[in-house]
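Those protein sequences? They're chains P and E, same order as listed.
Per the numbering used here, the first sequence starts with residue 1, numbered consecutively.
Per the numbering used here, the second sequence starts with residue 1, numbered consecutively.
Please note: incorrect hints may appear among the correct ones.
The list that follows gives simulated cross-link-like pairs (lysine-lysine, DSS-like), each with its CA atoms no further than 25 Å apart [as the list claims (entries may be wrong)]:
(1) P:152 x P:95
(2) E:70 x E:36
(3) E:132 x P:166
(4) P:166 x E:70
(5) E:132 x P:168
(6) P:168 x E:133
(7) P:95 x E:70
(8) P:95 x P:130
(9) E:13 x E:36
No wet-lab data here; the hints were simulated from the structure.
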Amino acid sequence: MTLLRLMLEFAKTGLFSVGGGLATLPFLYEMSNTTGWFSHADIADMIAVSESTPGAIGINMSTYAGFKTAGIPGGILASLALALPSVIVILIIAKFLSKFRSNRFVEGAFYGLRPASIAMITAAGLNVAKVALVDLNAFQASGSVGDLFIWKALILAVILFIGQRKLKWSPVIFIAISAVIGVLFSF
Amino acid sequence: MNMLLDLYWTFVKIGCVTFGGGYAMLPILERELVDKRHWTTMDDLRDYFSIGQCTPGIIALNVSTFIGEKRRGIPGALAATVGFLTGPIVIILIIAAFLTNFATLPLVQHAFAGIRVCVCVLIVQAVLRLWKKSVVDACALGIYLVVFVLNAFSGVLPVRIPAAVLVILAGAVGIFISLRRAARAGKAGDQA
Chain P
1 MTLLRLMLEF AKTGLFSVGG GLATLPFLYE MSNTTGWFSH ADIADMIAVS ESTPGAIGIN
61 MSTYAGFKTA GIPGGILASL ALALPSVIVI LIIAKFLSKF RSNRFVEGAF YGLRPASIAM
121 ITAAGLNVAK VALVDLNAFQ ASGSVGDLFI WKALILAVIL FIGQRKLKWS PVIFIAISAV
181 IGVLFSF
Chain E
1 MNMLLDLYWT FVKIGCVTFG GGYAMLPILE RELVDKRHWT TMDDLRDYFS IGQCTPGIIA
61 LNVSTFIGEK RRGIPGALAA TVGFLTGPIV IILIIAAFLT NFATLPLVQH AFAGIRVCVC
121 VLIVQAVLRL WKKSVVDACA LGIYLVVFVL NAFSGVLPVR IPAAVLVILA GAVGIFISLR
181 RAARAGKAGD QA
């Protein structure tokens, strides 16, 4: 029963997340809120694991979330369920390829979908930031704004931001560096 | 049958060397499918990507399905898609199995606290990269802001709108705005 619901939830995610891997994030947060299968911190870990392993981020996330929820069968079935709607859609589109490309309804829909997609990615980023950069418990305990932010995390964020702009390294390298810094400075 | 196995195996390999997905895999596909195997052309590949980006699901997966379909119809599409999924699923299952055992270790917790900071920054960079092509004018900015507020503060707002509904509404608003613009441009053309 859990497996069936897992597949339904991820098929829904696959059907409605347009614009690549990170577009699955809002659905994962929603799934976390409504089902309690995994926590917000789990999602942040999931992103990290996905970024440092091969394959599209969305697939990695569904495998990881499925495994967290229902073990190995969960991991495999969640990924297949995520893929299923898009496989069906692509098979249909492949038949009508030339018409689809210049359809003005499709073009119009994408004019609205693209900003909506990155708006939801931004919101997902905010959710990770709430776990990574801010310490609400310390803030509520002391009431001083200085305790609201995790300062060493903020400094690392600024350094990483500049580093990623200047150096064209793979995200894996930055993730590895962040892990080492996290251990060395006990984040 | 050989062709199906070949498709499957080729996409297993591609799935294992693509980090990040999406456009990150374009150079790899170009090398494996255009240069080495002549299964498709660079122009077709680019079209698959643009369609993959505006259809539901993961872009890399959509592209795999397309190429498989082109080679061997529906069985080919399934072989390529499952092939692309195989590597990531196996790798993530192994990692996830270890993480459940080690997630309570302080060392792992510190490492992930550091990694989360990096993930934040990676998401910001992704948004910045996508911004120019997505938020093209004032109306698009409006859609961005409305969807952001409704999605980010859904916990605080009196009504919680599911993400899927936001996607459908944004698509509908996009069609509405585009058609109205086209109608206006048509009228202006008649008057001139």
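Here's how the hints hold up against the structure:
Of the supplied pair hints, the one linking residue 152 (chain P) and residue 95 (chain P) is violated, its CA atoms being roughly 54 Å apart against a limit of 25 Å. For the suggested pair residue 70 (chain E) and residue 36 (chain E), the alpha carbons sit about 17 Å apart, so the restraint of at most 25 Å is met. A C-alpha spacing of about 19 Å is found between residue 132 (chain E) and residue 166 (chain P), which places the hinted pair at or below 25 Å, so the restraint holds. Proximity of residue 166 (chain P) to residue 70 (chain E) is assessed by CA-CA distance (about 40 Å); at most 25 Å being required, the pair is judged violated.
Proposed proximity of residue 132 (chain E) and residue 168 (chain P) is supported: the alpha carbons are some 20 Å apart, at most 25 Å. Only pairs whose Cα atoms come within 25 Å are accepted, and residue 168 (chain P) paired with residue 133 (chain E) is accepted, the gap being roughly 21 Å. For the suggested pair residue 95 (chain P) and residue 70 (chain E), the alpha carbons sit about 10 Å apart, so the restraint of at most 25 Å is met. This hinted pair does not check out: residue 95 (chain P) and residue 130 (chain P) have alpha carbons roughly 45 Å apart, beyond 25 Å.
Taking the CA atoms of residue 13 (chain E) and residue 36 (chain E), the gap is near 14 Å; set against the 25 Å cutoff, the hint holds.
Figure legend: structure checked against the earlier numbered hints; hints not met, in rising order: 1, 4 and 8.
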